[in-house]
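Novice: What follows is the residue order along each chain.
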Amino acid sequence: MSAPRIVIVGAGPAGTRAAEALVARGLRPVVIDEAPASGGQIYRRPPAGFTRSGRALHGFEAARARRLHAAFDALAGAIDYRPDTLAWNVAGSAVHVVHDGRHAAIAHDRLIIASGAFDRVLPFPGWTLPGVFSLGGAQVALKHQGCAIGERVAFAGSGPLLYLVAWQYAKAGADVALVLDGASPAARRRMLAALPTAPARIAKGAWYLAGLRVRGIPVISGVRAVAARGDERVTMLAWRDGKGRERETACDAIATGHGLAPETRLAEIAGCPLAFDPDVRDWLPMTDGDGRTPVEGLYLAGDGARIAGADASEVAGTLAALALLADCGFAVDRARLARLRRARARLDRFRRAMERAFPYPGDLAAALPDDALLCRCEAITAGALRAAASEADAGEINRAKALTRVGMGRCQGRLCGPAAREILAAARGVALARVGRLRAQAPARPVPFATEPPAETGP
Amino acid sequence: MSKPDPRATPEPPLFRRLAETGRETVALVVDGRPVEALAGDSLLTALLANGARLRVNEFDGRPRAGFCLMGACQDCWVRLEDGRSLRACATPVAEGMRVLTGAAAPDGTTTR
Amino acid sequence: MTGAPPIETEVLVIGGGTAGLSTALHLRRRGVAVVVLEKGLAGAQASGVNFGGVRRQGRDLAELPLAQRSREIWSRLAALVGDDCEFTPTGHLKIATSAAECAALAAYADAVHDHDLALEVMDEARLRARFPWFGPGVVGGSFCPDDGQANPRLVGPAFARAARAAGASVIENREATAVERDGAGFRVETAGGEAFRAAVLVNTAGAWGGRVAARFGEPVPMETVAPQMAVSEPINYFIEPVLGMFEGGIYLRQIPRGNVIFGGGRGDASTETNRAFVRPENTLWTSALATRLIPRLKGVNLIRVWTGIEGEMADGLPALGPSRATDGLYHAFGFSGHGFQLGPAVGAVLAELIVDGRTETAIDAFDIGRFAGDG
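Protein chains in written order, with our numbering: chain A, 650 to 1108; chain B, 345 to 456; chain C, 12 to 386.
Treat the hints as calculated values from the structure; they're not laboratory data. We put the beta carbon where it would ideally sit given N, CA and C, even for glycine. Incorrect hints may have been included.
Estimated spans, in silico, between C-beta atoms of each pair [to be verified]:
| no. | chain 1 | residue 1 | chain 2 | residue 2 | range |
| --- | --- | --- | --- | --- | --- |
| 1 | B | Ala371 | A | Gly920 | 28 to 38 Å |
| 2 | A | Asp926 | C | Glu234 | 37 to 47 Å |
| 3 | A | Asp926 | C | Asn285 | 48 to 58 Å |
20 Å max Cα-Cα, derived EDC-like pairs, lysine to aspartate or glutamate [unchecked claim]:
| no. | chain 1 | residue 1 | chain 2 | residue 2 |
| --- | --- | --- | --- | --- |
| 4 | C | Lys309 | A | Glu1004 |
| 5 | A | Lys853 | A | Glu1045 |
| 6 | C | Lys50 | C | Asp338 |
| 7 | A | Lys853 | A | Asp1042 |
| 8 | C | Lys309 | A | Glu800 |
| 9 | C | Lys50 | A | Asp1042 |
| 10 | A | Lys820 | A | Glu800 |
| 11 | A | Lys820 | B | Glu364 |
| 12 | A | Lys853 | A | Asp749 |
| 13 | C | Lys50 | B | Glu425 |
| 14 | C | Lys50 | A | Glu1045 |
| 15 | C | Lys50 | C | Glu186 |
| 16 | C | Lys50 | C | Glu205 |
| 17 | C | Lys309 | B | Glu364 |
| 18 | A | Lys853 | A | Glu1101 |
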């Protein structure tokens, strides 16, 4: 049989392991990545000339990072690697890309999308001020650029990244003002007590918390609302504690986030249907346990399909590649497949527990004040969306977008989408799933106008 | 004698360099003012280690300094003097880049 | 057949785009009871995803009386439906890229001399003096000062609100599954199991209108097409008029917020699956044409593409007027990619036909009977 042409979008943990599994069977996938180097976000390679050790950068994850980079480097020559290349559309049987301003289409028989994730955002008053960054962004600044996002950094949010990044900042010598945790300590304790697996990870969380406390950094749980204050940049974080008391903390930077959101746009553009998942209060692409989607020849792997962390992403990448190989008629090692599926199931249990321990605070999102910016690209307030819900009878998020411009900006609804759905559903008094989701259309990210017509003739 | 325009004073930087400071310098011009970046800086790091904004939002007119640093938020687009637009978080600095952020230039003019 | 008794009204409108909703609004002003059935959300199909040009220049001469009537309604849209839908008379500039096209522009200006479009035909020097941002290859143009643009996403919803406020029943998410003669009137059943009856049926079902027409013995030669659109990030505002070219080119406009919207080429659409797809190569080809025509667009980013499902009649003109096969049935569909500007007047004309039996606006060229006897 002739070798199927395979394209992998994403060179992070999932994409790396998928490529590795395909190369092991003699195939030569095209690996497309937007970044200049492989590793994704969590294992982002430092720029040339940087000297900090793997241990300093990745802490507990240093060995995994090293192994992953080595695995990708070992594929050199065996894959068609396209860094600095943005996949913006999938149509017919081609992935449309742009590299250095030039457009091309890459034909494929099978496609694995491993597009990773970005911070899940809870907009709050002042969140667009210079000095407010996502937790992931604050981590990139430190790990990849050796910078703290400010002289005195406050942390506010929820989820595993909160304590991790705050501790990384403290350890690197940054001045951490305080850590505000939106999760109530009781709820989180209950969820974690029910966790049957991965005690090592829980110990890590406790380790980070201890590391913060031993440095005298205040860690306050059950925080209900925050606001960033300042004229042209952050000077203060205002917050309300679990007892409803108003407090203020001087700072010049705020790192905030509530978990991660999967980057699903390219999968949706490629025709993958999505389904509402109440555990994450979001719409996720439909896949089977191995990564096959309802679209023939399309596979998803890693956090780009569902947030499960770097370890699960590596397993998912291998599983998706094995599923692809099986679908192409290759014989697959059944024992290995069974092992991987068991690993996946184990990691899935942990994932579900984390989802329940750190839910997206939909009620806080829905309570965004009328005069606060919801859509930061187009500068549209939460009040404008609520007005469309009532005065213009908009009950569906795409109709609300058409009327208010929420989600019409360059970020294509990535940042405002989760909160916009919560606000609309609350304003209409309906279940969250009823308002739908912002429909993804090409391009998956902004792409420049072409300057020369593509090789074929015109329309 | 006229007083120096306070708007022409560079803003105190947002970012604080904690590590990797022993790198070669890269000369940029930001809003008409010379700025020293370090090799390996993203344009975002270079601008925020020497100032407090990347751009001005078209619609609320307020300064912005990016948000996600990983290409999702699209709030880090900066304009070069030659008209090009670049995503600052994803663009490494290059010697001689001339960037406009919408802050006041040394002569007091504001550019977008 | 459903068990519940049908809901009785005077006029049933199939299709809640601008044409159908404007009909409903104008009927209500004449005191007629009307129900609009729309399979999705009001104005969500071609009415909502088109280019947004509000244009008379360039139309077939037969469309000009209707377009003129509509232009008058556009200028008082806020009073009519409570929202101006961002209509702005920025002017429409049709550009020529060859001497032959220049001659065609001049000939058109001559032909429409009595139609009050106030066209200004420009040679290259005059064009470049007035619009200095054009790149090479543009050698002339024709400018219609009172044409303009509006936001199509606002128009359908605004007409729906106004029609409802005037007492029309506009029922969304109701696909008509059975449309039949019932005695001297009509009966329509919906996917939800409801039934409606009326003496008059209005077919404003857009790309699906051919099916309704065929159901009543009047098939039309209409194809399903998917005109493609794209929009850029916001950039400095400098392109005031709406731009058009001759066939096979691009149509482009910029809004004051800065986004540049353009269209060109066709994607794929189906009225069976109700889905439409953009062809990326068309988007790229059209965007390259845009940067050639307007070099300042080089390096600007596209942030969204879309298309919709449109019905294109073989002769490029709609079917508008009474049915020639079935009493009480009226058609207004097949606007072939240039119905946006006409929508408001279509409703006014249909209301007159239904209530008065006649309209002063010349619509003979749109008679559906012109297809009778075609093979």
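Novice: Each hint needs a verdict: does it hold in this structure or not?
Specialist: Quick rundown of the hints versus the structure:
| no. | hint | result |
| --- | --- | --- |
| 1 | B/Ala371 / A/Gly920: 28 to 38 Å | violated, 48 Å |
| 2 | A/Asp926 / C/Glu234: 37 to 47 Å | holds, 40 Å |
| 3 | A/Asp926 / C/Asn285: 48 to 58 Å | violated, 26 Å |
| 4 | C/Lys309 / A/Glu1004 | violated, 44 Å |
| 5 | A/Lys853 / A/Glu1045 | violated, 42 Å |
| 6 | C/Lys50 / C/Asp338 | violated, 25 Å |
| 7 | A/Lys853 / A/Asp1042 | violated, 48 Å |
| 8 | C/Lys309 / A/Glu800 | violated, 39 Å |
| 9 | C/Lys50 / A/Asp1042 | holds, 17 Å |
| 10 | A/Lys820 / A/Glu800 | holds, 14 Å |
| 11 | A/Lys820 / B/Glu364 | holds, 15 Å |
| 12 | A/Lys853 / A/Asp749 | violated, 41 Å |
| 13 | C/Lys50 / B/Glu425 | violated, 51 Å |
| 14 | C/Lys50 / A/Glu1045 | holds, 15 Å |
| 15 | C/Lys50 / C/Glu186 | holds, 4 Å |
| 16 | C/Lys50 / C/Glu205 | holds, 13 Å |
| 17 | C/Lys309 / B/Glu364 | violated, 37 Å |
| 18 | A/Lys853 / A/Glu1101 | violated, 53 Å |
The structure is inconsistent with the numbered hints 1, 3, 4, 5, 6, 7, 8, 12, 13, 17 and 18, although it conforms to all the rest.
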